[in-house]
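**Q** Starting from the given sequences, assemble the full structure and let the hints guide the process.
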Amino acid sequence: MMGAEFVALSLPPILIGICVAVACALPGNFLLLRGQALIGDAISHVVLPGIVVAFLVTGLVATGPMLLGAAGAAVVAVIAIEAIRRLGRIEAGAAMGVVFTAMFAGGVLLLEQSDTSNVHLDVEHALFGNLESLIWLDATGWASLLDPVALAGMPVELPRMALALGVVAVFVWLFWRPLAMMSFDEGFAQGLGLRTGALGLALVIISAVAAVAAFDAVGSIIVIAMFICPPAAARMMTNRLGAQVAWSVGFAALSAVSGYVLAGYGPLWIGASASVSAAGMIATMSGLILAVAAVLGPHRTRNS
Amino acid sequence: MLGDALLFQLGYNASLVTLGALLLGVAAGVAGTFLFLRKRALVSDAISHATLPGVGLAFIVMVALGGDGRSLPGLLFGAALSAGAGLLCVQWLSRRTRLGEDAAIGAVLSVFFGFGIVLLTIVQTMNAGRQAGLEGFLLGSTAGMLRDEALLLAVSAGLVLALVMLLRRPLTLAAFDPGFSEVTGWRPGWIDLAMMGIVLLVTVVGLKVVGLILIVALLIVPPVTARFWTERVDVVVITAGVLGGLAGYLGAAISATAPALPTGPIVVLVSFALFGLSLLCAPGRGVLASVLRHQRYQRRVHVRQGLLALASGQPIYERLTHRLLRRAGLIRADGVATTAGQAAAAKAQLDETRWALVRADQTFATAAARYDGLTAIEDVLTPDQITDVDSRLSRPQAVS
Numbered sequence: 001m002m003g004a005e006f007v008a009l010s011l012p013p014i015l016i017g018i019c020v021a022v023a024c025a026l027p028g029n030f031l032l033l034r035g036q037a038l039i040g041d042a043i044s045h046v047v048l049p050g051i052v053v054a055f056l057v058t059g060l061v062a063t064g065p066m067l068l069g070a071a072g073a074a075v076v077a078v079i080a081i082e083a084i085r086r087l088g089r090i091e092a093g094a095a096m097g098v099v100f101t102a103m104f105a106g107g108v109l110l111l112e113q114s115d116t117s118n119v120h121l122d123v124e125h126a127l128f129g130n131l132e133s134l135i136w137l138d139a140t141g142w143a144s145l146l147d148p149v150a151l152a153g154m155p156v157e158l159p160r161m162a163l164a165l166g167v168v169a170v171f172v173w174l175f176w177r178p179l180a181m182m183s184f185d186e187g188f189a190q191g192l193g194l195r196t197g198a199l200g201l202a203l204v205i206i207s208a209v210a211a212v213a214a215f216d217a218v219g220s221i222i223v224i225a226m227f228i229c230p231p232a233a234a235r236m237m238t239n240r241l242g243a244q245v246a247w248s249v250g251f252a253a254l255s256a257v258s259g260y261v262l263a264g265y266g267p268l269w270i271g272a273s274a275s276v277s278a279a280g281m282i283a284t285m286s287g288l289i290l291a292v293a294a295v296l297g298p299h300r301t302r303n304s
Numbered sequence: 001m002l003g004d005a006l007l008f009q010l011g012y013n014a015s016l017v018t019l020g021a022l023l024l025g026v027a028a029g030v031a032g033t034f035l036f037l038r039k040r041a042l043v044s045d046a047i048s049h050a051t052l053p054g055v056g057l058a059f060i061v062m063v064a065l066g067g068d069g070r071s072l073p074g075l076l077f078g079a080a081l082s083a084g085a086g087l088l089c090v091q092w093l094s095r096r097t098r099l100g101e102d103a104a105i106g107a108v109l110s111v112f113f114g115f116g117i118v119l120l121t122i123v124q125t126m127n128a129g130r131q132a133g134l135e136g137f138l139l140g141s142t143a144g145m146l147r148d149e150a151l152l153l154a155v156s157a158g159l160v161l162a163l164v165m166l167l168r169r170p171l172t173l174a175a176f177d178p179g180f181s182e183v184t185g186w187r188p189g190w191i192d193l194a195m196m197g198i199v200l201l202v203t204v205v206g207l208k209v210v211g212l213i214l215i216v217a218l219l220i221v222p223p224v225t226a227r228f229w230t231e232r233v234d235v236v237v238i239t240a241g242v243l244g245g246l247a248g249y250l251g252a253a254i255s256a257t258a259p260a261l262p263t264g265p266i267v268v269l270v271s272f273a274l275f276g277l278s279l280l281c282a283p284g285r286g287v288l289a290s291v292l293r294h295q296r297y298q299r300r301v302h303v304r305q306g307l308l309a310l311a312s313g314q315p316i317y318e319r320l321t322h323r324l325l326r327r328a329g330l331i332r333a334d335g336v337a338t339t340a341g342q343a344a345a346a347k348a349q350l351d352e353t354r355w356a357l358v359r360a361d362q363t364f365a366t367a368a369a370r371y372d373g374l375t376a377i378e379d380v381l382t383p384d385q386i387t388d389v390d391s392r393l394s395r396p397q398a399v400s
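Residue numbers (the numbering used here), protein chains in the order written: chain V, 1 to 304; chain R, 1 to 400.
No wet-lab data here; the hints were simulated from the structure. Fair warning: there could be bad hints in the mix.
As the list claims (entries may be wrong) - Not everything, but these chain V residues come out facing chain R in the computed CB check (under 8 Å):
(1) Asp41
(2) Glu124
(3) Ile205
(4) Ala283
Treat the numbers as computed from the prediction; the structure is a model and nothing was measured. Virtual Cβ for every residue (Gly too), placed ideally from N, Cα, C.
**A** This is the structure we're talking about:
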């Protein structure tokens, strides 16, 4: 299992899964502390219409237009939620529910109405992606990792996802102190002259970048799970922000690896022939980790 | 074609589905109102996503027991069980741990949904699972529904509606005044449980029609829409029911007219269109109404400031002020006050002078708090008080 076949078939999906999980979990920590945990949920629903519109406009399933379309849809959704909340004086959760269901419904309808039968674009794909299909056929063994010719045949999702992870990590590293202050005491941060409105929006946009980059590779269900479950489990383990972020990164990577391995090899161990959905399994594993942390974590209650 | 669908002329099954969607819409709108009032609208999102593993497990169990696996009552029963488990997880996480309710909702919906997907892939590998059509539960599929299924849908939607109407008094009470509700014998905990139970039923019944991803829209959008039209809770309940029913009925009818129009998204988009209409046009809270209100206010400020300028003999340069005063016949084209303008200016000036005295005097503190530069003093003080103010305005001067 650790030979050439592993490098070609399992290594790229596992690495992509880790990148996705960590890139979503990092901003997820701050969203969780700010009480915006469901932003990830909303973003990953509205990405669908963005991608469909991009496809209808350009007529091709290419990365560039799709990322643009998805990012555009995410921005439209954030603005629409804010507008409905203020214009109609409606509670944020309800405003979010109105916007993302309507946009998702619009996306599904567009998809049904347009002729996408010859391209790889459907609702199931949008929901749970296809992590297993991201294989690296040019690889012949571990040595391929150093071979430029073989590296060129790597699934494009891997470098793209690594880049997204880099952007997210740099953002968190640069704005660590302001983000920390804003998450725990918004009033104090404003008193120090911090522009929390702009920083909050930047956090949402960075989350959208992570979600959109991940969406194409793994579908929206992992994205939602990774925004919330690893940070929530990490929250049960510690009271310090630095440690919480570190725990969440560990939990995210653990869910990605264990989820993928269980999905790919687990059924074989119990004698079944086919594998199960890796995306679903990764989300399930993150949920199990959260469940364990919620029952046993040293800081699981409000006053500990 | 659409006319036939609206008039229930598209055959027995399509008519039953349309009727079911109508009843479901009403029940969801009414039940959603109570969720919305308690600010827990998104809990329904967790409940609906949590139905998926139940559907998958029910199918696997039914096949393992030698059955067909596609029996709708069985699948819906499984959905209800796992949705209940999801709801309990949300409650437990948000009460017993330090997580907020939003994080609990997000965690439960993503994990249950993910596990459901795992089960669906298992079902697909089973021999019986090839044509199970469980994906239909994601986005709803009413096309090709069996007669029994359509009947089950319509009847259970009707039952849920009856249940909500039966419980609406205690639900209203618990939403606004949990303390009073408890004193009168309705324990808020139990009422909450009942509310969530109803939401769960609506979700499960709606699975086949709207699908589990979008059913939450049926619970959230109509109450939010209804809220634009009224401030009274009983009216919100009825309006939300009517709006939800309308969306379900129109959506199901439109979707019955063509194969590429899936029911769920159409119902949601009709509902959203009603919302957009209300957001723009509702009196009081609508966008148009508040723009008009703002404009009226702006004009009053301009007229008032213009009159005060006239009273102190200053020329008016500001265009809007000039135009407004001119239109009201208070000034001539060259900016000189007409007779009516002089009178109005004198009145405004007197008002301002009286206000100045009122605001300087501690005994008028409450009245002075209402000063905004527009309110006439007669609206705030009694004639006696004004006489009192006036007597102090023209206090006799000492003769030297």
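**Q** State for each hint whether it applies.
**A** Evaluation of the provided hints:
no.	hint	verdict
1	Asp41	6 Å, holds
2	Glu124	7 Å, holds
3	Ile205	19 Å, violated
4	Ala283	3 Å, holds
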